[in-house]
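Residue numbers (my numbering), protein chains in the order written: chain A, 6 to 182; chain B, 1067 to 1257; chain C, 6 to 227.
A couple of the hints might just be wrong.
[Unchecked claim] Cut-off 25 Å, straight-line C-alpha distance, at most; resulting in silico cross-link-like pairs (SDA-like, lysine to any residue): (1) C:K74 / B:L1150; (2) A:K8 / B:Q1152; (3) B:K1231 / C:Q173; (4) C:K14 / B:G1235; (5) C:K67 / A:L21; (6) A:K162 / B:F1253; (7) A:K118 / C:Y99; (8) A:K8 / B:L1150; (9) B:K1160 / B:I1117; (10) A:K162 / B:E1198; (11) C:K68 / C:D135; (12) C:K8 / C:P133; (13) B:K1159 / A:E41; (14) B:K1127 / A:K8; (15) B:K1231 / B:L1246; (16) A:K44 / C:K8; (17) C:K14 / B:Q1152; (18) B:K1192 / A:G9; (19) B:K1192 / A:G66; (20) B:K1160 / B:G1106.
[As the list claims (entries may be wrong)] Below, a sample of chain A positions facing chain B; criterion: calculated Cβ distance under 10 Å: (21) G20; (22) C23; (23) A28; (24) N31; (25) I75.
To be clear, the hints were calculated from the coordinates, so they are not data collected in a lab.
Using N, Cα and C, we set each Cβ at its ideal position, and we do this for glycine too.
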Amino acid sequence: MNKGLISGLVLLTIGLVCGLLLAVVNYFTAPKIAEEENKIKYAALAEFYALENYDLSEVQGNGAFGTIYILKEKGTDTILSLVYTVAASGYSSSTDVQMLIAVNNDLSVEGYKVVNHQESTGFGADIVDNDFKVSEILDLSNFDSVAGVTVTSNAIKQCFTLVSQRVESDFGGGLGE
Amino acid sequence: MDNLIMIAFSAFIIENIILTQFLGICPFLGVSTKRSSALGMGMAVIFVMLISSSVTWLLYKYVLEAFNIQYMRTIMFILVIASLVQMVEIFLKKVSPALYKALGIYLPLITTNCAVLGVAILNISKEHNFIEMLVYTTFIGLGFLFVMYIFSMMREKLDYSPVPKAFKGAPIALIIAAILAIIFSRFGGII
Amino acid sequence: MNKRDNFLKGIIKENPLFVALLGLCPSLAVTTSLENAIGMTLAVFFVLVLSNFIISLIMSNKKLSELVKPVRIPVYIVVIATLVTIVEMVMNAYVIDLYRSLGVFIPLIVVNCIILGRAEAFASENKPVDSLIDGAGMALGYGFAIMLISVFREFLGKGTLTIWGNLQLNLVFVFDFLKIQPIAMFVQPVGAFLSFGLILAAITAIANNHKNKLAKEVTNNG
Chain A
6 MNKGLISGLV LLTIGLVCGL LLAVVNYFTA PKIAEEENKI KYAALAEFYA LENYDLSEVQ
66 GNGAFGTIYI LKEKGTDTIL SLVYTVAASG YSSSTDVQML IAVNNDLSVE GYKVVNHQES
126 TGFGADIVDN DFKVSEILDL SNFDSVAGVT VTSNAIKQCF TLVSQRVESD FGGGLGE
Chain B
1067 MDNLIMIAFS AFIIENIILT QFLGICPFLG VSTKRSSALG MGMAVIFVML ISSSVTWLLY
1127 KYVLEAFNIQ YMRTIMFILV IASLVQMVEI FLKKVSPALY KALGIYLPLI TTNCAVLGVA
1187 ILNISKEHNF IEMLVYTTFI GLGFLFVMYI FSMMREKLDY SPVPKAFKGA PIALIIAAIL
1247 AIIFSRFGGI I
Chain C
6 MNKRDNFLKG IIKENPLFVA LLGLCPSLAV TTSLENAIGM TLAVFFVLVL SNFIISLIMS
66 NKKLSELVKP VRIPVYIVVI ATLVTIVEMV MNAYVIDLYR SLGVFIPLIV VNCIILGRAE
126 AFASENKPVD SLIDGAGMAL GYGFAIMLIS VFREFLGKGT LTIWGNLQLN LVFVFDFLKI
186 QPIAMFVQPV GAFLSFGLIL AAITAIANNH KNKLAKEVTN NG
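Pulled out of the complex, with its shape left as it was, chain A reads as follows (with noise of 0.2 Å):
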């Protein structure tokens, strides 16, 4: 036979186990990071509120949202409060600042906070500490805009624009469960 065709036999072989293997290891780690990246997610969740004290769902949104958790009280249809999760781009993709923002139903701000922040890849999320006076949105229902100089603290506004245009209707059933 051929030697150059058993060579590629020799590689394709390897290449085969090699595949294997890692899906044999994948089988294993695959359920622990999606526990992770779940923890993680409502471990921001949870520094709003104390979620055992609500009937928690989840609506999958669209465009720059991603899922929006929707706290109701204990055994009623009464939404009390909302918080999404979105994204606005930095300076380079379209997911750079991901953030999660928590309403309440008096269109009070109960907590913001960045979870995903990749404005500079490789060299930790630090998330910029900047100009931009994030704590003094209290009250998304007259949110017009505040000052913000950099690139990410304009992702951040972003985020609050596109909730602030959204919120008043998802109170009043716009979600569309």
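Assemble chains B and C onto chain A, guided by the hints.
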């Protein structure tokens, strides 16, 4: 469109692949001693990066994601890049001997150039669509070429400068790179 | 060469980072904190030791090595990429914070010249056990080098030394004593080039000094 310009500008300057992302440092220090070789290497990298990022992007979207085997990403990408480099080399040799002569010697070095694999992976992790991927890759490549070229000019001058003995070679090159990085990092305020 | 020399050569005489200047990209990118450098070292150690061992196992079998020879580089790449992916998945599952801060540099271990270089230059021609020792020495040599850089950068840049998770040495009092702030530039990209350049120059100076001393001794004795 705004978005694309943003991507292009930040890929070129702010997220400059060498000075802020630290990819492709080996050719940056190794092949930047002469202007001509910096130019050749830069061109070869742009060329290979564009082809390989397109192929790996399609492979990821239509094969790996479709079969739900994303964990094969690294292994598939590096194999694709290695074989693409080989193919480009053979193809260039046949079709355009002139171009081959200019880029040929840099091609084998590119397989282990982390910039190429790095950009392929970044395109996936930044969830770019196809057009964004093309723009991002092109401008990352141009940024690489640009910095390589500036750096090679400085290094040519350096040959005639009285550098302290301990700093000769790589150390002084790294310090010059640091000064370049200061300049580039200040562009961050533009947007 | 005995086993001890084989192990030690990677740490000092043939240090992959300071002497051979291999694997520069991650050594500049992940040295912002000691913790990142330690994580990177562990990942490189695992990959390098196992890839050296497996490749040497394949290549020391006569029949197999003849078959593999024409396609040996792709075979090396497949083996290394598999190990890297395993590291990536395990880190993602168990140390997710570290996984996130090392980012793209974990998959990029595949194209780290040290690993492919050792496979081609050492593992393909030596016995599995020797290759294993060589891999361990090289990985530790690389690890010490990046840890040194990261200690330099994290201390000057933030005044802390993060060892693992919450285990952190706070040395800000040094800066308080000198009545200055930590120099944030050192944890930024600029600092990576600057620190590495300075450390490399210092090492070159020490090595030159050592060489001169040896040369003097030789002339004196002769």
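A quick look at each hint next to the structure:
no. : hint              : result
1   : C:K74 / B:L1150   : holds, 20 Å
2   : A:K8 / B:Q1152    : holds, 20 Å
3   : B:K1231 / C:Q173  : violated, 38 Å
4   : C:K14 / B:G1235   : holds, 23 Å
5   : C:K67 / A:L21     : holds, 22 Å
6   : A:K162 / B:F1253  : holds, 22 Å
7   : A:K118 / C:Y99    : holds, 23 Å
8   : A:K8 / B:L1150    : holds, 23 Å
9   : B:K1160 / B:I1117 : holds, 18 Å
10  : A:K162 / B:E1198  : holds, 23 Å
11  : C:K68 / C:D135    : holds, 21 Å
12  : C:K8 / C:P133     : holds, 12 Å
13  : B:K1159 / A:E41   : violated, 50 Å
14  : B:K1127 / A:K8    : violated, 35 Å
15  : B:K1231 / B:L1246 : holds, 22 Å
16  : A:K44 / C:K8      : violated, 46 Å
17  : C:K14 / B:Q1152   : violated, 34 Å
18  : B:K1192 / A:G9    : violated, 39 Å
19  : B:K1192 / A:G66   : holds, 19 Å
20  : B:K1160 / B:G1106 : holds, 19 Å
21  : G20               : holds, 8 Å
22  : C23               : holds, 7 Å
23  : A28               : holds, 8 Å
24  : N31               : holds, 5 Å
25  : I75               : violated, 26 Å
The structure shown violates the earlier hints numbered 3, 13, 14, 16, 17, 18 and 25.
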